[in-house]
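Protein chains in written order, with this note's numbering: chain A, 1 to 524; chain B, 1 to 439.
These are computed hints drawn from the structure, not numbers from a lab. In this text, all values refer to a predicted model and were calculated from it rather than measured experimentally. Even glycine gets a Cβ: it sits at the ideal position worked out from N, Cα and C. Heads up, some of the hints might be wrong.
Incomplete in silico selection of chain B near chain A, CB under 7 Å [to be verified]:
1) Ser38
2) Met189
3) Lys356
4) Asn384
Straight-line distance between alpha carbons at most 30 Å, and here's what the computed DSSO-like set of lysine-lysine pairs gives [as the list claims (entries may be wrong)]:
5) B/Lys190 x A/Lys15
6) B/Lys415 x A/Lys3
7) A/Lys17 x B/Lys415
8) B/Lys233 x A/Lys57
9) A/Lys84 x B/Lys233
10) B/Lys415 x A/Lys132
11) A/Lys17 x B/Lys183
12) B/Lys233 x A/Lys127
13) B/Lys233 x A/Lys15
14) B/Lys190 x A/Lys108
Distance ranges between label pairs, derived from CB positions [stated by the list, open to error]:
15) A/Gly182 x B/Glu224: 58 to 66 Å
16) B/Gly166 x A/Gly182: 17 to 25 Å
17) A/Ser76 x B/Asp376: 16 to 24 Å
18) B/Ser228 x A/Asp29: 23 to 31 Å
19) A/Asp186 x B/Gly147: 42 to 50 Å
20) A/Val131 x B/Lys138: 51 to 59 Å
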Amino acid sequence: MPKVTINGTEIEVDKGKSILRAAAEAGYDVPHFCYHPALSAPANCRMCLVEIEGVPKLQPGCYSQINDGMVVHTESERVVKARKAVLEFILLNHPVDCPICDQAGECKLQDYYIDYDAQESRVRTEKQNKVKAYPIGPEVVYDGERCILCTRCIRFCQEVTQTDELTIVERGDRAEIRAFPGRELDNNYSMCTVDICPVGALTARDFRFKCRVWLLTSTDSVCTGCSNGCNIHLDHFRNEVQRYRPRYNPEVNDYWMCDEGRLSYKSVHTDRQTEPKVNGATVNWHALAQAVADKLGKVEDPSQIALVISPQATCEDIFLAKRFGEETLGGVQFYLGGKLSGDSDEFLIKADKNPNTRGIEAVFGGTDSLKSFDDLLADMESGAISVLYMSGTDTPCDAETRERFVGLLDGLKLFLHQSPHAGEFADKAHIILPSCTHAEKDGTFINFDGVAQPIYQAFAGYGRSIPDWQIFLRLARAMKKPFDYTFLTQIQEEMFAASQAPEPEPEPEPEAGDDESSAPPPAE
Amino acid sequence: MEELFLSRNFKIENGHTLPVYESGGGYQRLKKALNMDSATIIDEVKKSNLRGRGGAGFPTGVKWGFMPKESELPKYLTVNADEGEPGTFKDRYIMELDPHLLIEGCIITAWTLGLRYGYIYVRGELQFAIRRLEAAIKEAYAKGYLGQKIQGKDFDFDLYVHPSGGAYICGEETGMIEGLEGKPGQPRMKPPFPAVVGAFNAPTLVNNVETIAAIPWIIERGGEWWASMGIEKNGGPKLYGLSGHIKKPGVYEAPSGVSVRELLEDYGGGMLDGSDLKGYIPGGSSCRVMLPDTLDALMGFESMREAGSSLGTGCITFMDHTTCMVRIAGRLAHFYHHESCGQCTPCREGSGWATKVLDQIENGNGRMEDLDLLLDICDNIEGNTICALGDSISIPVRSYVELFTQEFEDHIRRKGCPFPAWSLRSSASTRAEAVAGAE
Ligand SMILES: Cc1cc2nc3c(=O)[nH]c(=O)nc-3n(C[C@H](O)[C@H](O)[C@H](O)COP(=O)(O)O)c2cc1C
Ligand code: SF4
Ligand code: SF4
Ligand code: FES
Chain A
1 MPKVTINGTE
11 IEVDKGKSIL
21 RAAAEAGYDV
31 PHFCYHPALS
41 APANCRMCLV
51 EIEGVPKLQP
61 GCYSQINDGM
71 VVHTESERVV
81 KARKAVLEFI
91 LLNHPVDCPI
101 CDQAGECKLQ
111 DYYIDYDAQE
121 SRVRTEKQNK
131 VKAYPIGPEV
141 VYDGERCILC
151 TRCIRFCQEV
161 TQTDELTIVE
171 RGDRAEIRAF
181 PGRELDNNYS
191 MCTVDICPVG
201 ALTARDFRFK
211 CRVWLLTSTD
221 SVCTGCSNGC
231 NIHLDHFRNE
241 VQRYRPRYNP
251 EVNDYWMCDE
261 GRLSYKSVHT
271 DRQTEPKVNG
281 ATVNWHALAQ
291 AVADKLGKVE
301 DPSQIALVIS
311 PQATCEDIFL
321 AKRFGEETLG
331 GVQFYLGGKL
341 SGDSDEFLIK
351 ADKNPNTRGI
361 EAVFGGTDSL
371 KSFDDLLADM
381 ESGAISVLYM
391 SGTDTPCDAE
401 TRERFVGLLD
411 GLKLFLHQSP
421 HAGEFADKAH
431 IILPSCTHAE
441 KDGTFINFDG
451 VAQPIYQAFA
461 GYGRSIPDWQ
471 IFLRLARAMK
481 KPFDYTFLTQ
491 IQEEMFAASQ
501 APEPEPEPEP
511 EAGDDESSAP
521 PPAE
Chain B
1 MEELFLSRNF
11 KIENGHTLPV
21 YESGGGYQRL
31 KKALNMDSAT
41 IIDEVKKSNL
51 RGRGGAGFPT
61 GVKWGFMPKE
71 SELPKYLTVN
81 ADEGEPGTFK
91 DRYIMELDPH
101 LLIEGCIITA
111 WTLGLRYGYI
121 YVRGELQFAI
131 RRLEAAIKEA
141 YAKGYLGQKI
151 QGKDFDFDLY
161 VHPSGGAYIC
171 GEETGMIEGL
181 EGKPGQPRMK
191 PPFPAVVGAF
201 NAPTLVNNVE
211 TIAAIPWIIE
221 RGGEWWASMG
231 IEKNGGPKLY
241 GLSGHIKKPG
251 VYEAPSGVSV
261 RELLEDYGGG
271 MLDGSDLKGY
281 IPGGSSCRVM
291 LPDTLDALMG
301 FESMREAGSS
311 LGTGCITFMD
321 HTTCMVRIAG
331 RLAHFYHHES
341 CGQCTPCREG
351 SGWATKVLDQ
361 IENGNGRMED
371 LDLLLDICDN
381 IEGNTICALG
391 DSISIPVRSY
401 VELFTQEFED
411 HIRRKGCPFP
421 AWSLRSSAST
431 RAEAVAGAE
């Protein structure tokens with residue numbers, strides 16, 4: 001392997017590596033704007049210039065490859081001066097409207113300015129004016145004055161989505177980013193341009209002016225929009241999710257996630273049911289568990305009980321649902337719930353809109369022991385099922401069938417609805433068991449590819465909602481057949497041993513120079 | 001010069017047409033070349049000391065040697081006819097008045113290096129040149145000089161005229177290739193060089209019009225003969241475009257290594273009556289401005305560098321005592337600011353900043369510290385950009401500030417330009433008088 005010396009540190013690096021990445025391996029951060037590890041390197045921002053001994057001009061570290069015996073300086077006086085100069089040039093026509101800019105606090109320009117420039121302005125000339133708040137696409141807003149023309153957004157649309165919507169119009173310091181005539185920045189991943197825009201030039205319509213980023217706390221989680229399970233930073237403030245951002249995972253989603261998934265956070269806060277209820281009366285969890293134990297205990301033939309398992313739930317929830325059905329109640333019928341399949345593409349979006357179908361397969365050892373949702377309707381119609389324990393509000397069927405299903409609910413002897421959301425079931429359910437969304441609990445999802453991924457609790461459950469697994473613990477205790485668990489980790493231990501659920505792998509660490517997973521903003 | 005080569009047909013009636021061109025020996029050189037092998041021709045070009053006429057002066061034979069012999073993709077010839085540098089106007093004469101010389105050069109070049117397609121990338125504004133070239137190419141096709149099985153050889157070559165979308169930056173070789181591919185003219189990072197990855201990802205030769213126009217003559221009379229009309233490392237006659245406050249502005253053919261004084265006095269007829277030479281730009285506006293005391297410098301790449309500037313395109317602009325150097329510097333900076341493609345930060349932003357600071361000084365709003373600021377802006381652009389356009393701002397601007405510091409300071413102190421009617425040519429004969437006159 002070629003050897004290079006970077007700031008006096010000699011290291012061996014793979015052939016063909018850029019100086020920027022080699023320096024990162026040696027422990028030196030080379031500041032950069034236009035370079036992004038997942039995109040080609042146009043070397044246009046000139047922030048990463050480094051000095052190579054024997055080469056007269058400074059060279060862009062993002063583009064120049066290492067050679068055996070190369071001696072590189074990334075902090076020499078010349079380099080530092082050039083870096084300052086680039087920052088001064090960028091700021092020349094920059095509006096410096098940080099106080100009203102959504103990027104403030106997670107802006108590379110701010111960070112580098114503090115790190116490398118921070119000098120008094122020498123500018124007495126007028127600034128160039130460009131478009132502000134330009135609607136470049138349905139989800140994204142463009143600010144020409146903040147744009148540093150790094151072309152990351154253009155290259156994203158060329159190289160990642162291959163939809164090629166964007167280009168530069170005009171020349172020199174009049175240049176701006178635009179969609180080609182007759183088009184807009186409208187693809188399934190358009191909001192990723194907001195993530196990779198190093199400054200506040202591209203902002204998400206959804207997040208604009210919503211929350212200062214330094215107020216956000218970030219929790220590692222997984223998107224529940226489909227079975228791809230894109231890794232996310234779940235950014236929240238005062239118990240409310242403010243946004244999702246993709247979290248780097250080369251095995252699953254790289255640096256990206258789809259727009260629909262990104263906006264799916266909204267479901268955490270809509271249509272929530274937060275109070276345990278028995279026949280319309282709000283009760284506490286203790287009373288509720290007693291009531292459920294009482295009613296379910298009276299069902300003579302447990303095979304009359306349908307337990308709908310949702311692939312929206314975590315492996316832990318499913319594991320306990322299974323044990324509850326098989327051991328606590330004994331001999332119930334399991335049915336498969338969840339969402340209807342939808343669109344997919346060749347990239348991240350999967351047709352299976354449930355994050356944890358593979359989790360059910362793992363816990364149940366396949367899906368043979370679960371009947372289909374159609375079977376459930378038939379069994380309800382025939383009267384084979386008179387008690388329904390439904391988790392979630394999703395039904396894997398079309399609207400018409402769902403209507404039929406809702407109609408059939410009236411004929412049930414007992415309907416228990418365990419879900420964070422009310423759906424059309426609030427009036428129909430005899431018993432309401434408010435549970436938590438993925439944002440409010442720990443757990444594990446297994447994506448379509450069999451990758452087991454942990455999610456973490458961001459904030460406490462809404463109202464009096466508690467995670468599904470805790471509900472099952474309470475009910476089992478009330479039915480005098482308690483499980484021997486207190487903590488989730490105990491469940492996990494047993495679950496991984498008992499089922500085919502693969503244990504979550506440790507998170508892959510971003511490779512040196514892959515800082516673009518964008519570190520979470522500072523905690524509250 | 002007694003015998004003319006590059007400009008031989010300029011003054012001959014219908015010199016742009018095929019019959020007239022052929023009657024003067026045209027396309028005989030092609031026939032000769034078709035019986036020579038590639039290595040011999042490259043060797044002749046190396047011996048000729050022909051240097052790239054586009055401004056950088058890269059030895060043409062060496063550049064040809066870089067072209068790979070084998071290639072999976074068809075190889076391209078791109079002739080750089082984007083001529084947009086202020087003060088430079090030589091290539092258009094060849095294209096308008098002797099297009100067949102260029103076309104013959106293209107065909108010989110293609111034969112030598114195995115190039116399948118050729119594009120002459122012409123500055124969009126040069127409509128007349130484009131029409132003449134297209135007509136000439138048609139004539140050449142009709143005569144079997146272009147197309148398939150040229151002159152019965154196993155040699156196919158097609159030549160096209162590609163009018164540029166109209167930006168100076170498309171003269172930079174990789175900007176030109178981007179333009180040719182239908183993209184915005186934004187220069188590429190090098191390496192890879194065009195000889196390896198050029199137009200449409202294929203190996204591509206980029207040469208200037210005047211460079212290619214020299215090839216038929218080198219084939220006819222040999223590389224050593226060409227080299228003999230020049231000085232060390234700089235061979236052959238060359239076109240010099242002379243402009244400014246001189247009696248006979250125009251394009252002249254003279255040997256390489258002629259002195260600036262000779263060009264000014266013998267060809268350009270000397271300065272206008274009553275005009276004192278104040279400075280001159282030796283090779284297009286991106287070169288350092290020079291003072292009259294360097295008039296004896298020889299027009300070669302090395303000699304001009306030693307004299308403190310560069311040969312560039314060899315087109316000289318002479319400026320007399322009525323010229324406001326601050327305004328000239330501002331005007332040139334404005335040009336490069338306007339033409340910067342905007343890809344890289346230092347050129348995009350620095351060009352505008354330098355222009356605004358220069359305008360400020362010219363308009364009487366300058367401060368003394370602006371001079372240091374200008375030099376520092378130049379420092380911060382130079383060498384830090386993707387292409388050489390960045391340097392085209394910093395190099396000249398720095399030279400005006402350094403060589404005419406006094407004049408800049410006068411502007412700042414007087415809060416205005418001491419040459420209020422500079423474009424009307426004041427009667428003052430020295431700068432001091434002009435300054436005094438304005439007060
Ligand atoms: C900003 C810029 C503009 C240029 N414009 C031209 C031009 O108009 N014509 C030209 O022949 N070369 C131009 N060049 C030089 C070309 O990049 C290239 O060096 C030249 O075409 C090579 O041909 P030669 O070796 O025959 O000189 C320009 C270079 C730069 C950096
Ligand atoms: S909008 Fe953002 S990502 Fe796109 S070029 Fe401008 S600064 Fe770069
Ligand atoms: S130096 Fe100027 S013209 Fe050349 S690539 Fe950079 S911005 Fe474009
Ligand atoms: S990061 Fe290297 S030039 Fe932009």
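Hints, verified against the model:
| no. | hint | result |
| --- | --- | --- |
| 1 | Ser38 | 32 Å, violated |
| 2 | Met189 | 5 Å, holds |
| 3 | Lys356 | 4 Å, holds |
| 4 | Asn384 | 6 Å, holds |
| 5 | B/Lys190 x A/Lys15 | 19 Å, holds |
| 6 | B/Lys415 x A/Lys3 | 58 Å, violated |
| 7 | A/Lys17 x B/Lys415 | 54 Å, violated |
| 8 | B/Lys233 x A/Lys57 | 25 Å, holds |
| 9 | A/Lys84 x B/Lys233 | 41 Å, violated |
| 10 | B/Lys415 x A/Lys132 | 36 Å, violated |
| 11 | A/Lys17 x B/Lys183 | 29 Å, holds |
| 12 | B/Lys233 x A/Lys127 | 47 Å, violated |
| 13 | B/Lys233 x A/Lys15 | 38 Å, violated |
| 14 | B/Lys190 x A/Lys108 | 27 Å, holds |
| 15 | A/Gly182 x B/Glu224: 58 to 66 Å | 60 Å, holds |
| 16 | B/Gly166 x A/Gly182: 17 to 25 Å | 23 Å, holds |
| 17 | A/Ser76 x B/Asp376: 16 to 24 Å | 18 Å, holds |
| 18 | B/Ser228 x A/Asp29: 23 to 31 Å | 58 Å, violated |
| 19 | A/Asp186 x B/Gly147: 42 to 50 Å | 47 Å, holds |
| 20 | A/Val131 x B/Lys138: 51 to 59 Å | 46 Å, violated |
Checked against the numbered hints given earlier, the structure breaks hints 1, 6, 7, 9, 10, 12, 13, 18 and 20 and satisfies all the rest.
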